[in-house]
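2 protein chains.
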Amino acid sequence: MTDNRHRVETFIETLDDRDWEEWVTLLDPDVVYEIPQTRERIRGRDRYLEFNQEFSRGLAPACRGAIADDTNGVAWFVWEVEGAEPADAMAFFTFADGLITSVTDFWPEPYDPPTGREHLVERC
Amino acid sequence: MTDNRHRVETFIETLDDRDWEEWVTLLDPDVVYEIPQTRERIRGRDRYLEFNQEFSRGLAPACRGAIADDTNGVAWFVWEVEGAEPADAMAFFTFADGLITSVTDFWPEPYDPPTGREHLVERC
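Protein sequences appear in the order of chains H and L. Counted from 1, the first sequence has number 60 at position 60 by our numbering; the numbering is strictly sequential. Counted from 1, the second sequence has number 107 at position 107 by our numbering; the numbering is strictly sequential.
No wet-lab data here; the hints were simulated from the structure. Note that the Cβ used here is the ideal one computed from N, Cα and C, for glycine as well. Errors might be hidden in some of the hints.
Claimed, not checked - A short, non-exhaustive set of chain L residues, derived as facing chain H with CB atoms under 7 Å:
| hint | residue |
| --- | --- |
| 1 | 44 |
| 2 | 45 |
| 3 | 46 |
| 4 | 99 |
| 5 | 102 |
| 6 | 105 |
| 7 | 106 |
| 8 | 108 |
| 9 | 113 |
| 10 | 115 |
| 11 | 120 |
| 12 | 124 |
Construct the entire structure; sequences and hints are all you get.
Rendered as structure tokens:
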């Protein structure tokens, strides 16, 4: 397992544990966090920590898979909040000098399948 | 670059080119394609080919990044259809014996940012 893959897994595990002391050790002080779907960006480890401490309560992320190379990584994870169906999400990472320099999150939502392709598709 | 990372990039490029002859050479005959957001599944290379030939017109995917290891890979790509804003999507892959054995697509959509976090966030 590459170090960066281990960092991706530890990122999700410590987020789930709300182990902020360990979580921040993974991050570059100038880390940039982005959510392209809302066009939101947070600059810096301190604000990103505050954001997660305040807004990730009950997220309960569990890693389904981590892939990484020397400079990039991804976590495909499942998250749930009480009373809702578990949902897939993914976080893309960049790394430099053993630290996470960016995190980009995606939160896909369920939608109805387009009609006309039922002859090729089964529902799962 | 790993062979699997090259396969991920070739998958997106040949999809963009609609080069089906090349595209199918990447796939295991029993490849499984899934879209968790719609709970759709397609079994087998032939149906998956037919699906893409019929339903991917105008998709124009462009790879933003590919990450892969010996068994798993991901493509983060941008796609656009005429008249709409380009959007991010991602495809996760599994590999065996040099062929793609599964593809799982996610198509996140824009949404309004929750209120209450403006003090930490900039818009981008």
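Now the hints, each set against the structure:
Hint status for residue 44/L relative to chain H: violated, with the closest Cβ pair at about 10 Å, above 7 Å. Hint status for residue 45/L: violated, given a least beta-carbon distance of 12 Å to chain H, over 7 Å. With 7 Å as the threshold, the beta carbon of residue 46/L stays out of range of chain H, its nearest partner Cβ sitting at about 10 Å, so the hint is violated. Against a cut-off of 7 Å between C-beta atoms, the interface hint on residue 99/L is violated, since the closest Cβ of chain H lies about 18 Å away.
With a least beta-carbon distance of about 11 Å to chain H, the hint placing residue 102/L at the interface is violated under the 7 Å criterion. The restraint placing residue 105/L at the interface with chain H is violated, with a minimum CB-CB distance near 9 Å, outside the 7 Å limit. Given hint, residue 106/L at the interface with chain H, holds; its Cβ is 4 Å from that chain's nearest Cβ, closer than 7 Å. Annotation: interface hint on residue 108/L holds; nearest CB of chain H at approximately 4 Å, less than 7 Å.
Given hint, residue 113/L at the interface with chain H, holds; its Cβ is 4 Å from that chain's nearest Cβ, closer than 7 Å. Interface restraint check for residue 115/L: the shortest CB-CB distance to chain H comes to about 11 Å, outside 7 Å, so the restraint is violated. At about 5 Å, the closest approach between the beta carbon of residue 120/L and any beta carbon in chain H falls short of 7 Å, and the interface hint on this residue holds. Interface restraint check for residue 124/L: the shortest CB-CB distance to chain H comes to about 4 Å, inside 7 Å, so the restraint holds.
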